[in-house]
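> Put together the whole structure using the sequences plus the hints.
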Amino acid sequence: MADATFLDKLSTELTANYGGSLSNIVIVLPNKRAKVFLIEALKRKLDGTIFAPEIVSIEDFIQDVAGIRSIDAIELLFEFYNIYLGLTPKDKQQPFETYANWAKTLLQDFNEIDRYLLDPKYVLTYLENIQEIEHWAVDVNKRTTMIANYLEFWKQLPLYYDALYKHLLEKGVGYQGLIYREAVGNINHFSNAFKKEQLVFAGFNALNAAEEKIIQHLLSVEQARVYWDIDHAFLNDPYHDAGLFIRRFQKEWKQYTTHPFEWIVDEFSQSKNIKIIGTPKTVGQAKIAGEIIEQIQRGGQTLDKTALVLGEENLLIPVLYSLPASVGSLNITMGYSSRNNPAQILIQKLFKLHTNSLGRSEKSYTLYYREVLDILTHPLVEPYVGADKLVDIINRNNFTFFSLAKLFEIQGEHTPFFSLLFERWENNAGQILERLSQLLLMIKSFLGTDEEEDKITKAFLYSIFKVINKLINYYEAHPGMDNIAVLHSIYKQVIELAEVSFEGEPLSGLQIMGVLESRVLDFDNVIITSVNEGKFPTGKVQNSFIPYDVKRELGLPTYKEKDAIYSYHFYHLLLRAKNIYLLYNTESEGLDAGERSRFLTQLEIEKQPAHNLESVIYNAYLPDKAYTPMTVPKTQKVMDRLKEIATDKGFSPSALTGYIRNPIQFYYQRILRIRETEEVEESIALNTLGTIIHGALEELYKPYLNKFLSVNDVDNMAALADDEVMVQFRKVYKEGEIRKGRNLLAFEVAKRNVHNFLKQEKNGLINGDAVKVLALEHRYERWLNDDRLPYPVLISGNIDRIEQRNGRLRIVDYKTGKVEKRDLTLKAWEGLTGDIKNEKVIQLLTYVFMYEELAGGLETEAGIISFKNMKNGFMSFGFKDGYDRSAPERDVVDSELLEEFKTQLVGLINEILDQEIDFVEKV
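Residue 922, in numbering that gives the first Met the number 0, is where the sequence shown stops; the numbers in between run on with no holes.
To be clear, the hints were calculated from the coordinates, so they are not data collected in a lab. Hints are not guaranteed to be accurate.
[Unchecked claim] In silico SDA-like cross-links for lysine to any residue, where the CA-CA straight-line distance does not exceed 20 Å:
id	residue 1	residue 2
1	Lys348	Asn468
2	Lys577	Gln601
3	Lys388	Thr376
4	Lys839	Tyr813
5	Lys286	Ile616
6	Lys539	Lys550
Spelled out as structure tokens, the structure:
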């Protein structure tokens, strides 16, 4: 059988050349992941049992040559900060958070300079000279302190580099570039000491200057062989980026004048099914990837030879949720950014809560409800903290700001977990880090060992746990960071460098990987996501202090070379694959968007004869109707509940108008008795403000019920008004904050509304009105007996105010919103209950109906006082015949008008009680 993959071919070559002495060679691969696959491929080629060859990644090999251990990015940042503090005058030293912003970029440039074996003094002085030239127009004597400090910084760079380099060498550690530079210097010694038969370099593409020098030296002394994996279609096309580096090596390396260049293959032109799929947004790609995997399984294939390559890491979680349940085993090999790590988000929220609490009040440690609820409802906290009652109390009582002592008082008996989350943070970074470390360990103890989801959560926790432990070690070495604000800023800087590493079974099941992890590997089915410009390839990302033109001059890689690296990875994934699915985001604007990748256009233009290429766009299914209104039939249980309401509690005016507004809302609230969830009302809502004003007026008027009011009575009420409004605020808004912000404004509005009302009352009395208040916020009910109804129905509800004014009975409804007189004028009875615009008319006439038997024959008028339209005062209901324009408006609700209204009311109630008429949602 022909070798299906590059690693199969390599295994055949190695077993043929070295047979039983495989253990005497060292194989160097571009990454660690390929080692497992190569061992598996070798096993398939061997009959017996032998010792395996030593297989290492290029980075591990270079470390062996240099004899230096690699330092991680976080540790390097801290070590460089020590160097920076030692070389910078105290008055010019920057705090860690400011330093870290530029240090990460500068360290990256040091790394590139070393990897490409450039003279650091020359390059860094070059950068200093560029800055000097840019500021040449500024007279030396007129330079500001800022410009002087800026130029001084560039002058210091060679010193920073030298000091860091020497310091790391003394510790026996180094960043990648330092290790590569030292390895080049040590290659002769390594070569002389190398006792094994052969070094084999396999599957490489782009090499930096140090790697080139090392490999060429080993080739020249015949201690190494190199096996490339390049298709002639890429190598022989001088413009194809996938062959950019290997073309140069073939041409420039003198070894290839006498030795064969291995291997040039002919795989890309073979038969392939390539499907280019465009779909809107990131989630669309995740869903389609899941469907493709399901199709592959339905076709009878296993997923062992299927790779899902994610063009951007933030697709990982949506993809995992989109995989079909039939995916038995999978292996994730990619770094996942800590930015979206749930454990990191929890630590970030804790920093926010505690730093803000200290900032508000160091003594009482004032907490903000949103920050508390953010932690209590976090998925890593909520299942284990036992604080449901606490969340409910905060929501019901409108706690916005409260002390730490109050939080523990409300919670009552609390667990050690609760204490770790909320106990006061003293200004001691060491104690805080220890607390965070204990917290992560405690969350880990809550998780099971069998659940797949718990395993992923543990991976998230472990990555943050490592960061916290590194910070503990750093704090012990640098006690100067003993401050919460500094600790927080350092945490934010280092967390960007931390990644979540997932582990799985690499040889079976679906392989999910990033682009770089796919090197050297071949699969039959390949799905690649995010094939958009800016993602695949990454495009013109310049994270460097070295300008583009200087990089070109010095031979450092620019975005052009980085695009060529991506081009090789892309085409290598396609090289031996039979079924290829390339997914891209069709949205070219907005977040997570970009043009479709140039690689897709290149595939279409340079289409090989044997390629079956298909381009499709998948859009979300759009139904003919955006939304189908909900319909709920009236079952016997619903009819029983309706009868219970109609004959026990009764239909209130608001229930009747609620049905007119939306029958489904009526169904939820009245039939199913579903109430809205309690939430903290941070800013006073309009209905809450209305309740406060209603309550204040009721309490102020209570002492004067059933007696004629005097001007002096109103003055007495006005004197008590402010205090009464405050009492009502406390009663209704409970623990809500009303001394500042929007709520203070709402408090002032409530006071003004009450005073305006009393002022109008006083003006009426001065003008001779005789006013006797008969009832306030009183509940009334009356049976509606009518032959047209299936049974007598109770009508009940609260009336805000009933008064006798100048010999007439007046029913008053307060409204905090704006109401106009036209809203209360009715021109025809037909369609009264079919239009929600008539809700205020229905409400007022229902009040009149309920009170009619108690009116004692007095003329009755009903109306509204709108606090947002006080200048119009009392606005009464009026009936003006729409057909007879000359007829005057009738504002007294007599028995004739009431009878007409009862007819409409009976019709509405019959509709509610009719089993044949479903509840149909109004949209």
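> All the hints need checking, so say for each whether the structure fits it.
Now for the hints, and whether the structure bears them out:
1. A threshold of 20 Å between alpha carbons decides the hint, and for Lys348 with Asn468 the separation of about 19 Å falls inside it, so the pair holds.
2. Between Lys577 and Gln601, the direct Cα distance comes to roughly 19 Å. Compliance with the 20 Å bound is thereby established for this hinted pair.
3. At roughly 12 Å between alpha-carbon atoms, Lys388 and Thr376 fall within 20 Å of each other, so this suggested pair holds.
4. A distance of roughly 11 Å separates the Cα atoms of Lys839 and Tyr813; the hinted pair therefore holds under the 20 Å criterion.
5. Pair hint Lys286 plus Ile616 holds up; C-alpha atoms about 14 Å apart against a cutoff of 20 Å.
6. For a cut-off of 20 Å, the pair hint linking Lys539 to Lys550 stands: about 14 Å separates their Cα positions.
Of the numbered hints stated above, none is contradicted by the structure.
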